[in-house]
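K.L.:
Protein chains in written order, with the numbering used here: chain H, 2 to 83; chain Y, 2 to 83.
In case anyone wonders, no lab produced these hints; they're calculated from the structure. Any given hint could turn out to be false.
A pair holds if it fits inside one copy or across any two, identical chains being indistinguishable in the list.
Below 27 Å or equal to it, Euclidean Cα-Cα: the simulated BS3-like pairs (lysine-lysine) are [claimed, not checked]:
id, residue 1, residue 2
1, 42, 21
2, 12, 61
3, 42, 61
4, 12, 42
2 protein chains.
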Amino acid sequence: MPTIVVDVMPKAELLDPQGKAVAGAFARLGISDFAGVRIGKRFELAVEGEVTDELLTEAKRVADEILSNAVIEDVVGIEVVE
Amino acid sequence: MPTIVVDVMPKAELLDPQGKAVAGAFARLGISDFAGVRIGKRFELAVEGEVTDELLTEAKRVADEILSNAVIEDVVGIEVVE
Numbered sequence: 002m003p004t005i006v007v008d009v010m011p012k013a014e015l016l017d018p019q020g021k022a023v024a025g026a027f028a029r030l031g032i033s034d035f036a037g038v039r040i041g042k043r044f045e046l047a048v049e050g051e052v053t054d055e056l057l058t059e060a061k062r063v064a065d066e067i068l069s070n071a072v073i074e075d076v077v078g079i080e081v082v083e
Numbered sequence: 002m003p004t005i006v007v008d009v010m011p012k013a014e015l016l017d018p019q020g021k022a023v024a025g026a027f028a029r030l031g032i033s034d035f036a037g038v039r040i041g042k043r044f045e046l047a048v049e050g051e052v053t054d055e056l057l058t059e060a061k062r063v064a065d066e067i068l069s070n071a072v073i074e075d076v077v078g079i080e081v082v083e
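Whole structure, please, built from the sequences with the hints as guidance.
P.N.:
So this is what it looks like as structure tokens:
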């Protein structure tokens with residue numbers, strides 16, 4: 002069954018409290034390899050049958066209008082995984 | 002600045018209440034194109050400098066031990082994005 006994967010991240014110019022919390026935990030644990038952490042969401046939309054162009058267009062609309070909040074988030078990726 | 006992207010999803014055999022809620026919203030909104038929705042997390046780890054094999058190994062360790070809960074989640078992907 003193919004899956005449409007939608008990735009949503011907090012906008013770059015906004016604070017990301019979850020990411021900041023993880024970065025703080027890294028620092029406390031002595032992990033200094035990473036300069037920053039941001040945390041977003043990954044949606045997996047299961048599709049029965051084939052992924053047509055219309056379906057992909059609908060997935061983009063759903064990603065923009067329902068799965069993400071355009072005020073604070075960006076849809077950073079939509080891809081089909083078989 | 003390169004980024005290591007870590008994708009974490011709820012285990013397939015577990016209920017995913019967030020995903021179920023979105024699937025329910027789709028049904029109420031008349032969107033019937035998707036057979037199911039699962040929601041996980043996408044972590045972006047910023048790296049200063051080059052992504053070495055050691056750093057990638059450290060990222061895998063961090064993904065398994067800190068960013069995910071192995072009881073209920075799987076790390077489904079680790080990739081480097083330039």
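K.L.:
Now tell me, hint by hint, if it's right for this structure.
P.N.:
Structure-based check of each hint:
no.: 1; hint: 42 x 21; verdict: both (16 Å within a copy, 15 Å between copies)
no.: 2; hint: 12 x 61; verdict: both (18 Å within a copy, 25 Å between copies)
no.: 3; hint: 42 x 61; verdict: both (15 Å within a copy, 19 Å between copies)
no.: 4; hint: 12 x 42; verdict: both (12 Å within a copy, 15 Å between copies)
Violated hints for the displayed structure: none, as all numbered hints are satisfied.
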